[in-house]
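Colleague: Chain order of the listed sequences is A and B. The opening position of the first sequence corresponds to residue 2 in the working numbering, with each subsequent residue numbered one higher. The opening position of the second sequence corresponds to residue 6 in the working numbering, with each subsequent residue numbered one higher.
To be clear, the hints were calculated from the coordinates, so they are not data collected in a lab. Hints are not guaranteed to be accurate.
Unchecked claim - In silico DSBU-like pairs for lysine-lysine, Cα to Cα no more than 30 angstroms straight-line:
#	chain 1	residue 1	chain 2	residue 2
1	A	K65	B	K16
2	A	K65	B	K68
3	A	K16	A	K5
4	A	K10	A	K259
5	B	K268	B	K16
6	B	K263	B	K16
7	B	K16	B	K68
8	A	K65	B	K217
9	A	K114	A	K8
What the hints assert, rightly or not - Chain A residues, not near chain B, derived (Cβ > 10 angstroms throughout):
#	residue
10	V24
11	F42
12	I87
13	D109
14	A162
15	F164
16	V194
17	F204
18	Q267
For every residue, glycine included, the Cβ atom is placed at its ideal position computed from N, Cα and C.
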Amino acid sequence: MKIKNLKLKIGQISKLTRVWVMVSLRAAQSQLLTSWAVILFLIGKIVRFLLFFIFLFAVLGSAKNLAGYNPQQVILFFLVFNLVDISIQFLFRGVYQFRPLVVSGNYDLDLLKPLPSFFRPIFGWTDILDFFTLIPLWIYFLWFGFSQGIFKLGNFFLFLALFASSLVLGFAFHLIVCAVCVLTTEIDHLVWVYRDLTNMARFPTDIYQRGIRLILTFTIPVVILITVPAKALMGILSWQGVLGSFLISGLFLWFSLKFWHYALSQYSSASS
Amino acid sequence: MVKFKKRSMRKYLTLAKITFEEYLVYRLNFVLWRFRSFVSFLTLFFFWLAIYGSRSEFLGYQKSQMLAYIVGIAVLRSIVLGSRSVDLGGQIRSGELTKIVLRPLGIFSFWFSRDLVDKLLNIFFTFLELAIVLAIFKFPFWFPTRLETYIIFAFIVILATFLYFFLSFVISVLAFWTEEIWATRWLFGVIFLEFFAGAFFPIDVLPAWLQKIIYLTPFPYLVFYPLKIWLEQISGIEAVKAILICFGWLLLFWWLAKNLWQKGAKNYGAYGG
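With the rest of the complex left out, here is chain A:
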């Protein structure tokens, strides 16, 4: 019986993956139709990353440390921030398109499909440009880390596990935002609040005062999202930190699913 259930679950995940790939390909096709926009957005993403990078190199070249971290470690924090942030943007871009679905009533049609109710709101759109930027970023990140001797293989596997946990946490938060959208139809600034708070982890969060660090750990857990995987990579994370981060991710996931189901129970179609 257990093996049968497991096979069913694997089958479901496989089906959802196929649907996601299909949806992503359609999204990519749609984006690549406007080639000039694609070029401009890609240039913008690369310029933003490079300018911040040059800025960090310029400042740390003179400062020599930031909150006790040497320049290589600060750069690593910055790279991990970009990896986590861009991966979350790539996977969960559907959130930015959810409000029009709700206010128009078209979300009713998605509720009729044999897919989880959160599939369209969260996974309904992927940004192919984020995918294009992730590949060179991963390559540079791996080259930087191993060539500078900042992380070892054992720490790297722990980092991958915490990276996956960060994606789960990112999913949970986006689901909470979608639930708020169903209840209030106000979503735009809430998503950007999440983005702005995540941007605070562009630098090691130790630079912030204790009160702010607590907020960034337990309310919108940016510390768990970005700082914890980076510290694991450097081998400076305690086992309590590892367990705590998995626990917080799990709690957020549980809460987000509960809140989402509550929001759906309050959903009344705008026009169908």
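Here the structure of chain A is known, so what remains is to put chain B in place on it, guided by the hints.
Modeller: Only chain B this time, still in chain A's reference frame:
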């Protein structure tokens, strides 16, 4: 003539009142917008506090000067970069521009009135947020020592305000000819603007070769040069040169805005309107 001017003013005052009321329609969005501004300011503030640590001077800036620069970014974002003319591009593409051109309102006056309301709201709340941060952290703040600095600063900020208005208008008006207005706005009006205007960090912390490229653009005259004048790091001939170049860019973008608007409006098809 006086009655005519009074009637014209009343039109724009009514427009300003309506713009103000629009902000309060979605109150949660309004509160979150202010929260976001506050968070952006705090991020930079703590970063530079951590960089300075126990240092009193770094990269040519005293600690009080760098913190004044960060506060200045928040203030100038409100005064110079606060704008509603970003909406123009979307209105051209959707056809909603028709509603505006049918009204007895000048297009530049229309958007500038809306911009003024945005700026006033921004300034009010920015000063409130800064007062809270100052009250809690009590950090040293730089004030100019010479009276003429305040006058020159005020003058260049006024020029920068108009420069940004026409620059933003030019970007928006490109919507007459391209569908990819959001990509254009994002690249030139957000990415290049934020970095090249010195709205994240002072431009002169960057390598010299990159500074030279940035100084060829109009962006440094929006935030960076006004703040350099405030910090009295440029004065006299250099300050006059900065004002003249800023004015030159302003004239160029005013001319571009006027001409592009006239050309675009002639061929405007109001698709979707």
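Colleague: Please go over all the hints and tell whether each is borne out by the structure.
Modeller: Hints, one by one, checked against the model:
At most 30 angstroms may separate the alpha-carbon atoms for a hinted pair to count; K65/A and K16/B exceed this at roughly 58 angstroms. Between K65/A and K68/B the CA atoms are separated by roughly 17 angstroms; this keeps the pair inside 30 angstroms, and the hint holds. Between K16/A and K5/A the CA atoms are separated by roughly 16 angstroms; this keeps the pair inside 30 angstroms, and the hint holds. Distance restraint check for K10/A and K259/A: the Cα-Cα separation of roughly 21 angstroms lies within the 30 angstroms cut-off, and the hinted pair is therefore satisfied.
Note on K268/B and K16/B: the hinted pairing holds, with a Cα-Cα distance of about 26 angstroms set against a maximum of 30 angstroms. Distance check on the hinted pair: K263/B and K16/B sit about 22 angstroms apart at the alpha-carbon level, within 30 angstroms; holds. At most 30 angstroms may separate the alpha-carbon atoms for a hinted pair to count; K16/B and K68/B exceed this at roughly 47 angstroms. A distance of roughly 25 angstroms separates the Cα atoms of K65/A and K217/B; the hinted pair therefore holds under the 30 angstroms criterion.
Our distance criterion of 30 angstroms between C-alpha atoms is met by K114/A and K8/A, whose separation comes to about 22 angstroms. Annotated as non-interface, V24/A keeps its C-beta farther than 10 angstroms from every C-beta of chain B; the closest such distance is 22 angstroms. Its beta-carbon lying about 5 angstroms from the closest one in chain B, F42/A breaks the requirement of being farther than 10 angstroms from that chain. The beta carbon of I87/A sits about 15 angstroms from the closest Cβ of chain B, which is more than 10 angstroms, so the claim that it is off the interface holds.
With a least beta-carbon separation of about 24 angstroms from chain B, D109/A lies farther than 10 angstroms from that chain, consistent with its non-interface assignment. Taking the minimum C-beta to C-beta distance to chain B, about 28 angstroms, the non-interface status of A162/A holds against the 10 angstroms cut. Distance check on F164/A: its Cβ is at least 23 angstroms (rounded) from any Cβ of chain B, clearing the 10 angstroms threshold; non-interface status holds. With a minimum CB-CB distance of about 5 angstroms to chain B, V194/A fails to clear the 10 angstroms threshold, and the non-interface call is violated.
Annotated as non-interface, F204/A brings its C-beta within 10 angstroms of a C-beta of chain B; the closest such distance is 6 angstroms. Annotated as non-interface, Q267/A keeps its C-beta farther than 10 angstroms from every C-beta of chain B; the closest such distance is 17 angstroms.
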